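The chain contents come next:
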Amino acid sequence: KAGVTQTPRYLIKTRGQQVTLSCSPISGHRSVSWYQQTPGQGLQFLFEYFSETQRNKGNFPGRFSGRQFSNSRSEMNVSTLELGDSALYLCASGPQRTGANTEAFFGQGTRLTVV
Amino acid sequence: GENVEQHPSTLSVQEGDSAVIKCTYSDSASNYFPWYKQELGKGPQLIIDIRSNVGEKKDQRIAVTLNKTAKHFSLHITETQPEDSAVYFCAPNAGGSYIPTFGRGTSLIVHP
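Read top to bottom, the protein sequences are chains S and Z. If you read the first sequence in my numbering, its first letter stands for residue 1, the second for the next number, and so on. If you read the second sequence in my numbering, its first letter stands for residue 1001, the second for the next number, and so on.
Because the hints were derived from the structure by calculation, they are not lab data. Incorrect hints may appear among the rest.
[Stated by the list, open to error] Straight-line distance between alpha carbons at most 20 Å, and here's what the computed DMTMM-like set of lysine to aspartate or glutamate pairs gives:
hint	chain 1	residue 1	chain 2	residue 2
1	Z	K1042	S	E103
2	Z	K1037	Z	E1015
3	Z	K1058	Z	D1084
4	Z	K1068	Z	E1015
5	Z	K1037	Z	E1083
6	Z	K1068	Z	D1049
7	Z	K1037	Z	E1005
8	Z	K1042	Z	E1083
9	Z	K1057	Z	D1084
10	Z	K1068	Z	E1056
11	Z	K1071	Z	E1005
12	Z	K1057	S	E103
13	Z	K1058	S	E103
14	S	K57	Z	D1049
15	S	K57	Z	E1002
16	Z	K1022	Z	D1084
17	Z	K1071	Z	E1056
18	Z	K1037	S	E103
Remember, predicted model here, so these are calculated numbers, not experimental data.
Turn these sequences into a full structure, and let the hints steer you where they fit.
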């Protein structure tokens, strides 16, 4: 079974721009969650999508948004980029929602650098 | 929300030694306790988990112990090897619509 695939692996953007990251979950998984990982804040939950609906949201500003398609693939968008948005963005998929006490399968992440 | 503390933040051991990482949580409703390992350039990967009806679980050189009364669980790695060098995260899970919360991570360095 193919793992979770995130594209692109690396991105460099300028302050004020917007960016879209993509995540293809493991086949059959309906839950996709997004996380931001930084040295200062660690791994922080952004949001979860399940069956094309956002089910849960972390404490991030509205500049961070996402969506999920009928094939469970998900995209995350960050508008009006700030320097502090530089981070590793990870997505994780699962057969059930994150609250179902099951393993989260992570992709390798997208390294976003804002200059 | 859940408060999760993980200690130590860095752990340096010699190959063959044992390593113990502790995770303390605040939500008494937590009932699933996984440990993830993140190697350089990769995403976290589950290495072991335990549920609240079990006190200890072993898988070869790794084990997890749970103390629900004291609200902490620990990762034990015996006979450490250089390939165990990575960052380890705990992520106690209360189920339902909780917000996934990870510990800040423990960087384990195993010296050959």
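So, going through the hints one by one against the coordinates:
{"no.": "1", "hint": "Z/K1042 to S/E103", "in the structure": "holds, 17 Å"}
{"no.": "2", "hint": "Z/K1037 to Z/E1015", "in the structure": "holds, 18 Å"}
{"no.": "3", "hint": "Z/K1058 to Z/D1084", "in the structure": "holds, 16 Å"}
{"no.": "4", "hint": "Z/K1068 to Z/E1015", "in the structure": "violated, 31 Å"}
{"no.": "5", "hint": "Z/K1037 to Z/E1083", "in the structure": "holds, 11 Å"}
{"no.": "6", "hint": "Z/K1068 to Z/D1049", "in the structure": "holds, 14 Å"}
{"no.": "7", "hint": "Z/K1037 to Z/E1005", "in the structure": "holds, 16 Å"}
{"no.": "8", "hint": "Z/K1042 to Z/E1083", "in the structure": "holds, 14 Å"}
{"no.": "9", "hint": "Z/K1057 to Z/D1084", "in the structure": "holds, 19 Å"}
{"no.": "10", "hint": "Z/K1068 to Z/E1056", "in the structure": "holds, 11 Å"}
{"no.": "11", "hint": "Z/K1071 to Z/E1005", "in the structure": "holds, 11 Å"}
{"no.": "12", "hint": "Z/K1057 to S/E103", "in the structure": "holds, 16 Å"}
{"no.": "13", "hint": "Z/K1058 to S/E103", "in the structure": "holds, 17 Å"}
{"no.": "14", "hint": "S/K57 to Z/D1049", "in the structure": "violated, 24 Å"}
{"no.": "15", "hint": "S/K57 to Z/E1002", "in the structure": "holds, 14 Å"}
{"no.": "16", "hint": "Z/K1022 to Z/D1084", "in the structure": "holds, 17 Å"}
{"no.": "17", "hint": "Z/K1071 to Z/E1056", "in the structure": "holds, 14 Å"}
{"no.": "18", "hint": "Z/K1037 to S/E103", "in the structure": "holds, 13 Å"}
Violation of the numbered hints given earlier is confined to hints 4, 14; the remaining hints are satisfied by the structure.
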